[in-house]
Every structure is written in C-alpha cells, then in structure tokens.
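Model the placement of chains V and E on the given structure of chain C, informed by the hints.
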Amino acid sequence: MSKKSGEQIPGRTDYKWIGKSIPRHEDARLLTGRGTFVDDLNIPNVHHAAILRSPHAHARISKIDLSRALNLKGVIGSITGADVLERTRPFSVVATSPMQYYCMATDKVRFVGEPVAAIVARDRYLAEDALDLIDVEYETLPAIVDPEKAVESAAPILHEEVPNNIACHRVLSYGDVDAAFDQADFVLRERLVFPRYTSMPLETFAIISSYDHFGGGLTLWSNFMGPFIMHPITARALNIAENKLRFIVPPDIGGSFGIKTSIYPYLTLLGLLSMQVDVPVKWIEDRREHLLASSVQTDRVSYREVAVTKNGMVLGFRTKLYDNVGAYLRTPEPATTFRPIGNVVGPYRVKNLQIDANVVVTNKCPTGPNRAYGCAHLYFEQERLMDKVAEKLKLDPAEVRLRNFIQPDEFPYTTPTGGIYDSGDYPKAFQLALKTFDYEAMRKQQKTARTDGRLFGIGIATGVDPSVSNMGYLTVALDAEVRQHPDYLPKSGAAETATIKIDPLGQVTVGLSSTPQGQGHETIVAQIVAEELELSPDDVTVIDEFDTAKSIWSISSGTYSSRFASVGTSAVANAAKTLRGKIFRIAAHLLKVNVEDVVFEDRRFYGRETPTQSIKLSHVAGTAHWNPNDLPEGMEVGLNVTETFSFPLAHAPDQKDRVNSSNTYGFMADLMAVEIDPDTGKVKILKYASVHDAGTIIHPKILEGQIYGGAMHGIAGALFEQQIYDDEGQCLTATLVDYECPFATEAPKIDIAHIESPSPFTTLGSKGAGESSSETAPACVANAVADALSPLGVNVTELPLTPNRCWELLQSARGQTT
Amino acid sequence: MKLQAEHVFQVSRDVLWQVLHDQTRMADWIPGCDKLEEIGPDRFAATMKIGVGAIKGTYKGTVQVTEKQEPSQYTLAVEGNAAPGFVRGKALMKLQVEDGNATRLVIDADVQVGGLIASVGQRFVSGIAKQLTRELLANIEQSLKPETTA
Amino acid sequence: MKPVSFDYFAPTTVNEAVALLEEHGEDAKILAGGQSLVPMMNFRLVRPTCLVDINQIKDLAYIHEKDDRLHIGAITRHRDLETSTLVQQCNGLLLEGVQLIGHTAIRTRGTVGGSIIHADPTAELPAILAALDGEVRLIGPNGQRTISWRDLFVTFFTTVIEPVEICDEVIIPRLPSDAGWAFEEFTRRHGDFAVAGVAAVIVTDNNDRCTDARLAITGTAPTPIRATQAELFLVGKSLTQTTLDEAGRLVSTEVEPESDVHATADYRKHLAGALTTRALQRAVARCHSRKDQQEK
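First to last, the sequence lines map onto chains C, V and E. To convert a position in the first sequence, counted from 1, into our numbering, add 33. To convert a position in the second sequence, counted from 1, into our numbering, add 166. To convert a position in the third sequence, counted from 1, into our numbering, add 888.
Same shape as in the complex, but just chain C (with noise of 0.2 Å):
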C-alpha cells in the first residue's frame, strides 16, 4: 500500500537504536577488501574493451582507418562514431536550444578526451595495443573555453544548430525586481567565477555488459547510482524495448558524490560493443579517462547585484551568469543552473529576485552532477555578496546574516521561486555556530593580530541545504509555453520503496534498492526497523542491490541529492510500522487477546493480564508461512511489507517559473578562521566551525562522516582542485599530479554541531545532509581569505585561492604588477 505521507511516530524521544552510532554493517566487508564491486563479480568469458579518445579539443574527423588495430590477435570487435550514428538515437535532453549527443563523436570531436572509436579484445592491454592502431585524421578546427567569450558573435561554433553557443537561456522573474531597485538605499555589483572541480570517486566508471543475441536482450552492470530517468533515456538511445534493458547495481559502490549518474553514455556506448560481439564486454575507467571524460561541474561567471537598505535587509536580486556545460548540454544538465531554484534565495526572506540564466556550451568535458549541484555555485554568490553588504554598511556580517534570515514561525515558508521550506531555525543555529567557533573571542584574536601585520581573516556562509530532488524542477528550462503545449507530458514527484520480510524462522530482511555508495543504508535501515520491531539491529539484514528486472522502482529511484536520509528512511519506517502491525495482529489472534493488550518482550509476546502465555516471534512468523490457516482473516501468506513513500509536495513548475525543486530543506553555518603566509601565499585553515540542521538525527557518526567529506570537498575547491583547460582547450589535469586533490594531511579539524528541527513531511523528521558543506565551504573559504586581504584593499571574487593566485592578490595589493 502506498503511503503519501507518513504519520510521525507520535512523541519518540526516547529512542533506542535511532540516534545512535552503532558500528556500521558495512565497514567489516568495505575495510578488510571483501566489499563487492563492479569489477569483483565474475562473470564468465569476459572480454574488455578500451575507448580511443580524442586529442583535439575542436576538430573534423576525416577518416578512421581501423584496419591495422582489428588485424591484431585477440581483438573482437570494434564501433566507431558511424555505428553509433547508424545504431543508436541521441540522448534526449531538455533545452530550449537542444543539440545531438551521442556517445561517441560522429563527425566533428567536440572535447579533448570524446571517443572516437572503441575495441574489444581478450584483455585490456590488448585492447590498448589496438587502439594505438587506430589510424585517424583529423582537420582541427578553433577551439573556444571560455563561457562569456564562447557567446560573442565571432566565437567558434560547437554545433550548427546552436548558433550562439547558447544552449539553454532562460529569464526567471519573482515578485517586483525593479521596484526592489528603486527602493534600495544602496546597490552593490559583483562579477564572481566559479572554478570547474570534480568529486574524484575512489572507484571510477565500472561496466560489465552482455548482449543476448536470442532474446535481444541486454544486460549492463555497472556502478550506476540513479536516477533511473537514465535507463528509459538510455533505452531509447538504444533503440531497444525498456523491458530489455536490464540494469544491475552490485551492493558497493566507491563513492559518487553525483558523478555516477553520467555514466549512461558508457553504458549505451558498451551495450553497443557488446552487440557486435557474443561475449560479455567489461570496462573499468582508469583515473586519466576519468579526469578527462567522466563528469565534472560547471564552471560559471556571475554577475550579481543586490539591493539593499542601509539596515542591511536584502529586498531583491539580480544575477546574469554564464554556466559552462561543456561541449554537449547533456541531461540531467542544466541542473546546476536549475537544481537549486526552489532554494535560491537561500536562508534569507528576499522576495525579489531575477535570473537570466546562459547555459553555454564550450569544449570542455560534458558536465553533469557534482556534490552540491549548483548550490556552491549560488551560496558563493549568495554569501560574498552578503560580506559585501556588511562592508558596505559597516555591519558585523554576522548581524548581517542576522537580520535577513527567514524566522522560525514562518515555516513552512514557501519562497518566492515556489520552494517549500518544510522546518528550521535558522537564528538558533547560527547563534550555536557562533558560540562554537567563539566568535567574539575570535575577532579579538584578529585584531591583535592585525596589531602584528598578520593577514588574519574571519569567514561566515549560510545556506540552505536541499534534499531529495523533485524530477520537475529541471524542466523549469523549458519556457512555460512549451510547457502548457498539449503533448507535453509533465514532470514531478520523488518516491523510494522497501520491503520488509520475516521469514519462516522468525529472521528479519530489508530489500532495498537505492544504489548507495558508501552512505550506510544498511547501517541505518537496520536501526529504523530495529527501532519499530523491538529488536536489536544484529537482529536486521539488509540487502541493497538493484536490478531493473527485479526491483520495484521508478524514474526518480537511486541515491543522489542526499535523498535516503528523507525518503528512503520514510518507504522503510513506513514499512516497518505496518509489519509491526501486522504480527502483533497475528500475535494477538494467537493469544486470543486484543491486539492493544499485546506486549513484547525479548522476542516473546504475551497479552497484558497473562504475561506467562506467551509466543515466540519465531512462532508468530512461522504461523504466517507454515500455517497460514491459523492467520486472521483475510491476512495474507508469508510476512511481507513493501511501502512506496512518495512526496506530496514535488509538482511540476507552474506557470510563473515556480517549482518546489527539493523536498526537504536542512539548514548549515560555516565559520572559518584563516591566516595567509605573506611569501608563499598558503592558505591555513585556524579553525573551522559548521553548525547543521538535517531534521531528526538518525546515526550521529555517520552524519558527522557526511558533513566532514562535504566540507572538505568545499575546501578542495576552494583551495586546491580545479579542472584546468588552455586556450587551445588541452585539459592540464589529468592525473592526480596535476588535479589536487587534498589529502588527509590538508585536512584541517571541524568543530560539528547541530541542532534538530524534525520534518513534518519525512515518517522520522529526517532530512538529507549527503551535500551539506560541500554547499557552504566555498564560500565560507573565500569570504574568510577576503577578511584576511581586505585591510589591503584586496577583493576575492574567484576560486580556487591557490597560493599562487594569493600571493599576486598580495603583490597586486602593493602596487607590484606581476
């Protein structure tokens, strides 16, 4: 039976297993090698393939020669961009520009690192010695990088149906901009660039695919993490029947971080090679193709003005920004630019906004979802503006922050872009994270610093943290007329399933199928129907693996925008409620007593008045399965419970633009203390607090595990981690020399803390915190190292602060041109 919304479970504080960080059932596999990976399972007579991949950023392809590479020994097999152009449709995208995307180049490469061709062979060296075999001419063509420059009238075009390079404009217009103008006391302007960075999951792309040349089935394992929008979108890229495709997701994944779901041009492009074999073909991304050609964020240029009152009170905004896709707008983009509409306007109560959104397509790798998916991009925005502010003013930016938030007795607040905010208190938050960095005491050791020339500087960022992405919001690219057109099918909604069984020994398993990569699902389930069953969650086993053919799901299905922690966590609480129901109807129909009078007890039932008749849990489940006659009436066979929980709230956007892009909004406050050495311009992090707001905790450890991985990934991109392409567009990173990730010695301590304002729209007032800091770290970062220049008139409006571009932010600030 399908739930809508869950019921709160009535007044419990004192829960057990829930808030609790036990030890993880997953780490025991996952930290001795045991875990099961992509490339752990067996599967008979595989093959491999390798992928030759472009060397020019913009460039004709004038022939392909692969005579020598399918003459060598042990090669099978072989596509190239006419196969694919023959075989296969072009991704379905939703643009008001759209172009061809197909998972190879057919006539023209558009980025440094597209396919060109594919081989298989007996085994990846092999493979490889093939591809060097591959003969192809090239007539290479100008090559434009930069997002504004791309849009120029004389800038080179990418694809002839786009003839501004513009792939996606749209201008969105809440409340009364112009009059919030008019009013403004003062108006402060910014241009601002966000770099391009990546998540750099530990395991890479990971496919394994076998085509049934008789039943025309195909079959791809894969590390794929969801939504499953993709496997429609890729059976029609395919040109196959959706119920001969089959996706399979073994149980671990190493990591996503939203990288995993543009993995479907891979897939399409390894179903391909495996028709035109009769082995299975599998291919493992290895770190250089994907750094080159896997998925990586947008990078932006923004211009933003904010109008405000001499009081500090933000009354509207307006940004213009240029977000770079890459060669290709290729869906789920332009989600960066789009994901956080619901919550653009951040924690604050501003009414007027606008945005004239430029989806740009240059040649730079196909961008796709990154941790934090546009809401970095917003709050760096957001947040420098706001410092802005106070500086303007002469406010503390902290009393800045202050005064604009939206007040705890306003929730649910709707926003004006149609978000709806479901709880919160931002204030008491804020004020937690103040006190946990000691604010005051820090500003102090500022000045006297400042008293000893030290460039010291104090960063603040808020925001608000979405969770569990509505599957409408992305079609706000579209223009509302399109929209309203007849044949239009509409967009919404976010649903998880689960399945709870007891099985004929009494014995308790979860199904789930929710694609995790490394968050704890099983961890966590096992403790929410521990919590509602009255065992322990040894007493619980979960099992996550999905498979198309075999699990229940729907488009919106798959871990992505932090959403198990909301609607994964409310299908099983769901779940376990009813099953709870259900054998203590059982228990009490045995018993011969109301089911109200029901206790239990260290796995025994006993009615209320006679506590020494009492029934195992074993018994009660063995009724359900080996003697179903003895059930009550019309109670099925078997113990068996499986909720859909499904968002009431996520509709399509209306006609004025607005969509409640997420469901459930958590709230974060990042102080940070730096200090920058004046010779090398490194930047050290003193201290760093980050006060969050997720709902109802259920596993602190884990949450902790969540907010710490998100504000070092924010600080990665702060500090150290940029895609970097030349003018010519050569990708310079492409190895872990070049792209910096930080290590775990870079990674400074975090004071955690939090404060819980439960959901009244998830069954436990969970809220997803998979993003969190990864959101506010950027800016926090950036605002902090602003405070640390700004006695030198310095201003910080682009990332990452490398030391290099410190160090000529110091020498421009003592008139010394570099």
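Keep in mind that the hints were calculated from the coordinates and are not lab data. What you are looking at is a predicted structure, and each value in this text was computed from that prediction instead of being measured. Wrong hints could be hidden among the right ones.
[To be verified] SDA-like mimics (lysine to any residue), calculated; alpha carbons at most 20 Å apart, straight line: (1) C:Lys715 / E:Val1149; (2) E:Lys890 / C:Thr768; (3) E:Lys954 / E:Arg1062; (4) V:Lys226 / C:Arg101; (5) V:Lys215 / E:Thr1043; (6) C:Lys384 / C:Leu435; (7) C:Lys615 / C:Asn662; (8) C:Lys615 / C:Glu629; (9) E:Lys890 / C:His323; (10) E:Lys890 / C:Ile317; (11) C:Lys689 / C:Gln387; (12) V:Lys168 / V:Pro197.
What follows is chains V and E alone, placed relative to chain C:
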C-alpha cells in the same frame, strides 16, 4: 605556450638566411629530424624524434616555411603526430644584423602540445618545449660550422 | 592505462645487468624503485621493450662511510636512508631532504640511484648532491667512471648516463662538523613534487661571519643549480636578517624558472627567494646551536 629564444651566430645575415633555407641542410638542424621530404613549395614531410629523458616520441608531420621577407624574417610552422600526442608550433624567425659580421636570430614561437603528453605529462611539457628550442639553436650552430670556419 | 608488452629480466649481479643493457640497447630500461618509471610506462609515455630489474642485486644496497664521504649503493631505498643511524649522525641535510620525498610508502620503494638518474628537476636528492658537491659512479661495459654532479645533470630528466650504463653508487661528502644546514621546500600538498626547494649549508667563524655558504635550488631550472651569486654575497658577511633577506632577493633574481599548471614563473622566482631566506635562517640557527654544543 609561448617560447622565446635568441642566439648570435658568427655569420652574416645573408649566410644565415641561405643556410636556414637550404633544403638539403634543413634535416640537420630541425630537432630530431630523421627524414625530410619535399611535398610542395616550401613544404616538407618530416619525421622528428622529440622528447626529453625517457619520454621520446617519433613524430610524423610537416614543416612549412611561409611569410618570407628575405633576408630579415620568416615563419616556420611545424606539426607532428606521435603516440604520445601531437605538437604544433608556429615560430616567427627574425634575423637581425649584429656588429662584427654576426647575426642575431630571434625566435618567437607559439607551441601547442596536445594529446596524451599534455594530459598526463604536464611535468614534461615545458621541459620538452625548452629542450626543443635549445636543440634547435645548437643544431643551427653546428650546421653553420662550414660557414663560420670559412 | 596499461603498458606496452615488454621482456623482463632480473639479474643478480651488476655485470649481468650491464650485459643485458648492452644486448638490448636503447630500448631497455632499468627497473629500480619503479616509482617514476612504472607510472610513465602505464601511461605509455615510455615504452621500453625490456625491463632490467636490478632489485635482486643485493650488493647494490648499502650505506657506509669512508674518508668523510657517505657511499650509498644505488638501490638503497629512501626509507633506509631515513632510518639509518649513520645518516642521522653525519648528514642532517641528507636526512631532512630525504624525508621530503613523496610519502612514506613511496620512500619504501624509491631508490637513491633511481631518483638521481631520473633527474626530475624538482627532486630533493639532486639538490643535496649539488649542495654537498656529491658524485655518482656509473658502470658500463667499458668500466667505471665517477662523475661529479655538475657533469652529471644535462637537462630535464636527462643525465650523461649511457644506455649501456648503470649507476651503482652515490657518494655524498660529509657535512662539515660546524656547519648549519636546512632543506626548505614548498609544496601544494604534503608529499607533492616541490614547487621550489632550497638546500642550504652555512659555516661561520668565531666572529659569526660566514666562511662558507652553499645554496642549491631545485624546481627553478632544468637541473639543480647552485646560486653562486648569493653564495659569494654571503661569504665574509655577518649573517643578520637583512643579509639573509638580501641573499633571498639575489636568488630570486638569479633563477629563471618556467610557468606551468602549478605555478607561474614569477611566483616560483619569488618562492625561491623566500625559501632561501627561510632555509638560511634555520641553517644559521643550527650553526649557532652546534657551536653552543661544542663549547659545552
């Protein structure tokens, strides 16, 4: 990337120009050049062994001489492909008269390195580029020996 | 990526190894620690047709001192240098430099000979060799030759070693007993290749004037270099902060580094100077404390 280098050769400008445009001697001074074959006016097919340390590749490509303004400057365009990637360079070669019957050769080049070596060998790229320039000048010096001793 | 196929040999004596190199010529490579070679092979940037694995030549792993010089066998691991009491006692500069090489895991495999012959322009050991006027011994079919560091390093990743030769020993002179020293390096992350590095050695007389100064810089040129201008400037001077700052400034004007993805040329120039000053500060402090200890 931009590459700039210069060197004073102890020969007159005319002599330097002649040597640089002598097709029978080009293979001597183009770095790592094994074979040079004329395929058109001022256009040659070339095989060049370029690299530094253990990172060497045999690049097959073309050398083209254009925009000749005898005897003061011309443009040399080189393009080559190999397994480690491709190299494309366009160099403005200026010949300036110096005192004492000498000539200063000023090279102002734009070099592009792409493919595998650019994505995984960034540490080697600037080394290779600098090495190419040094080799070029040293080779020219070497091939001028008959003229300088004269 | 996967490497191209190759033949593999594991000789147990130096003569066997040299014979193999002679037989297979330019397309053979020595496998020592493999920390630089193997990644390049996996990227197919380097495609040897045969690997001569010298890790089985037990005679090539040793550290001993003779006539005030450390003789280090070519396949001695960096980690062995790091943990050697002999090194700790007689060459603090070498110890400090070795500890900066990559991460501990890399140091358990990487070798002294391998690192020096690989001649990475940002490596630490070549700079130490330069600071202490070290030498390297090469063995080939025509016998041995001992080369000073100045003659050894040609350019990026290139030494004078012939394809048929093996480096079998590295020779590093002892630090003078009254010297102060320091190795100062700047990296973006712990264990990264240095953006720039400075190995400094200072000796002062009883009046606290500098009698000897060595400054070897890594990361700013195709090979390690000695900053001779700054060294000459320091000799005879009283080592005040102003003097040390000036030495740093001289180094930054002397070096001519390249720009790359990690740092611009100007920043590297500046860094070389700043690191020189820092290295000198620590070297001078060590010099003083050594003197104090000797007086006790």
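Verification of the supplied hints:
{"no.": "1", "hint": "C:Lys715 / E:Val1149", "in the structure": "16 Å, holds"}
{"no.": "2", "hint": "E:Lys890 / C:Thr768", "in the structure": "15 Å, holds"}
{"no.": "3", "hint": "E:Lys954 / E:Arg1062", "in the structure": "10 Å, holds"}
{"no.": "4", "hint": "V:Lys226 / C:Arg101", "in the structure": "18 Å, holds"}
{"no.": "5", "hint": "V:Lys215 / E:Thr1043", "in the structure": "17 Å, holds"}
{"no.": "6", "hint": "C:Lys384 / C:Leu435", "in the structure": "17 Å, holds"}
{"no.": "7", "hint": "C:Lys615 / C:Asn662", "in the structure": "15 Å, holds"}
{"no.": "8", "hint": "C:Lys615 / C:Glu629", "in the structure": "13 Å, holds"}
{"no.": "9", "hint": "E:Lys890 / C:His323", "in the structure": "15 Å, holds"}
{"no.": "10", "hint": "E:Lys890 / C:Ile317", "in the structure": "12 Å, holds"}
{"no.": "11", "hint": "C:Lys689 / C:Gln387", "in the structure": "12 Å, holds"}
{"no.": "12", "hint": "V:Lys168 / V:Pro197", "in the structure": "18 Å, holds"}
Of the numbered hints given earlier, the model fails none.
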